[in-house]
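Chemist: As numbered in this note's numbering, residues 1 to 420 make up the sequence shown, in order.
Hints listed in this document are in silico derivations from the structure and should not be mistaken for laboratory results. These numbers come from a predicted model, not from an experiment. Every residue gets a Cβ at the ideal spot worked out from N, C-alpha and C, and that includes glycine. Check before you lean on any hint, since a few could be wrong.
Stated by the list, open to error - Below, computed lysine to aspartate or glutamate pairings styled on DMTMM-like, alpha-carbon distance capped at 20 Å:
#1 K210 x E109
#2 K108 x D17
#3 K204 x E188
#4 K53 x D140
#5 K190 x E390
#6 K108 x E188
#7 K108 x E179
#8 K238 x D17
#9 K16 x E109
#10 K238 x E15
#11 K190 x E109
#12 K108 x E390
#13 K275 x E390
#14 K210 x E390
#15 K176 x E188
#16 K176 x D165
#17 K275 x E168
#18 K16 x D140
#19 K190 x E168
#20 K238 x E177
#21 K53 x E188
#22 K238 x E109
#23 K176 x E76
To be verified - Here are the simulated distance ranges between beta carbons:
#24 K204 x H300: 51 to 57 Å
#25 L278 x K108: 30 to 36 Å
#26 H300 x V155: 36 to 42 Å
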Amino acid sequence: MDRVNISFALPGGMEKDLGITSQMAGVASGIFFIGYLFLQIPGGRIAVYGSGKRFIAWSLSAWAIVSIATGFVTHEYQLLALRFFLGVAEGGMLPVVLTMVSNWFPEKELGRANAFVMMFAPLGGMLTAPVSGAIIAALDWRWLFFIEGLLSVVVLAVWWLVISDRPEEARWLPEKEREYLLTVLGRERKAREELAPVAKAPLKAVLRNKGLMQLVALNFFYQTGDYGYTLWLPSILKNLTGGNMASVGLLAVLPFLATLAGIYVISMLSDRTGKRRLWVRVSLYCFAAALVASVILRDHVVAAYIALVICGFFLKAATSPFWSIPGRIASPEVAGSARGVINGLGNLGGFCGPYLVGIMIYLYGHNVAVCALAVSLLVAGTITFVLPKECDLSSGKKPDDRSADKSAKAPLRSASLKRV
């Protein structure tokens with residue numbers, strides 16, 4: 001919510017009060033992702049070797065303070081600085097959470113577990129849309145940051161009381177379930193270490209892995225389209241319908257509701273078939289097609305809105321199969337840092353997307369801006385054709401059949417990591 005509420009604040013009075021142009025609005029939305037880069041790799045390493053729980057607790061504290069401070073800005077450069085620091089505060093979140101999830105779930109359940117985590121992004125967007133629209137309509141955009149910033153404090157309290165880094169640390173977990181998890185996860189970890197035994201992996205081990213660098217490129221173009229759409233959706237809806245912010249907030253709910261369905265359906269198909277690359281590709285291509293359809297149908301408001309809802313279905317659908325891939329082509333020690341590199345460098349697209357849209361809107365209008373996002377998604381989808389086949393679970397085998405997968409995975413791991 002703290003990441004995307006600016007997408008409602010900008011058309012809800014912030015642009016007018018601070019004198020922000022569409023280009024500067026794009027920079028303000030996207031500079032978050034420059035700051036987001038800094039703690040990606042440290043976060044991934046801390047989750048592997050330290051306490052992800054403590055890391056995220058400190059992050060929650062920091063971004064609550066920054067979010068509330070955003071409500072006091074009086075100049076666009078103050079806004080840019082706070083958006084940058086908000087990115088720093090949130091930077092390690094995803095690699096830490098994904099690594100913590102991998103500490104808790106066997107590989108056969110990992111895709112769906114990742115999907116469940118990813119569902120909270122659209123769920124946050126779904127809640128943010130009507131709440132933000134209502135707050136702005138009833139009060140103003142400054143109160144939006146005050147109120148939603150305080151929600152982070154509530155989340156911090158829940159996080160600290162409920163979450164444990166690993167099954168062996170969870171006192172609330174039944175003994176039988178703990179033993180099951182430790183046995184299965186230990187067996188899977190041993191199988192991975194037999195393929196590529198490593199000590200603490202240096203960053204160069206990640207950067208030299210061709211498959212991981214391809215994932216960085218894919219994620220960059222994906223996030224360009226993803227956040228370009230997400231952060232400009234309220235403005236696009238307002239331009240399309242001519243409605244006020246309260247009605248725009250309500251209209252923005254359905255695309256995010258569709259996102260929840262998309263994550264569930266694609267993650268289920270990905271886990272069932274093991275074809276990670278295919279479902280990433282299908283999701284990205286369909287997302288791009290729906291964006292173009294929303295432009296073609298722009299003179300028919302209902303049809304264009306339906307196309308934007310379809311965009312919502314595929315918005316995050318690729319994330320579950322995508323984030324199941326790093327563990328397939330990197331050893332456990334490398335995978336933590338790899339997630340940080342993929343998410344950090346890839347999310348520079350989160351800066352480029354909103355900035356690109358702002359420039360395109362200023363120069364050519366909303367329609368060309370939306371088509372530019374579609375092109376970025378097509379590039380991301382096309383990269384899946386060159387990803388190594390080891391990204392997929394072996395055809396015809398169950399996801400947890402480690403022995404059957406050894407021959408497929410060993411060449412890539414040994415060639416890419418060189419037993420660092």
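Chemist: Against each hint, give a clear statement of whether it holds in the structure.
Modeler: We went through each hint and held it up to the structure:
| no. | hint | verdict |
| --- | --- | --- |
| 1 | K210 x E109 | violated, 26 Å |
| 2 | K108 x D17 | violated, 51 Å |
| 3 | K204 x E188 | violated, 25 Å |
| 4 | K53 x D140 | violated, 35 Å |
| 5 | K190 x E390 | holds, 19 Å |
| 6 | K108 x E188 | holds, 11 Å |
| 7 | K108 x E179 | holds, 17 Å |
| 8 | K238 x D17 | holds, 18 Å |
| 9 | K16 x E109 | violated, 48 Å |
| 10 | K238 x E15 | holds, 14 Å |
| 11 | K190 x E109 | holds, 18 Å |
| 12 | K108 x E390 | holds, 16 Å |
| 13 | K275 x E390 | holds, 10 Å |
| 14 | K210 x E390 | holds, 12 Å |
| 15 | K176 x E188 | holds, 19 Å |
| 16 | K176 x D165 | holds, 18 Å |
| 17 | K275 x E168 | violated, 32 Å |
| 18 | K16 x D140 | holds, 12 Å |
| 19 | K190 x E168 | holds, 17 Å |
| 20 | K238 x E177 | violated, 50 Å |
| 21 | K53 x E188 | violated, 23 Å |
| 22 | K238 x E109 | violated, 40 Å |
| 23 | K176 x E76 | violated, 56 Å |
| 24 | K204 x H300: 51 to 57 Å | holds, 53 Å |
| 25 | L278 x K108: 30 to 36 Å | violated, 18 Å |
| 26 | H300 x V155: 36 to 42 Å | holds, 40 Å |
Hints 1, 2, 3, 4, 9, 17, 20, 21, 22, 23 and 25, counting from the list given before, are not met by this structure.
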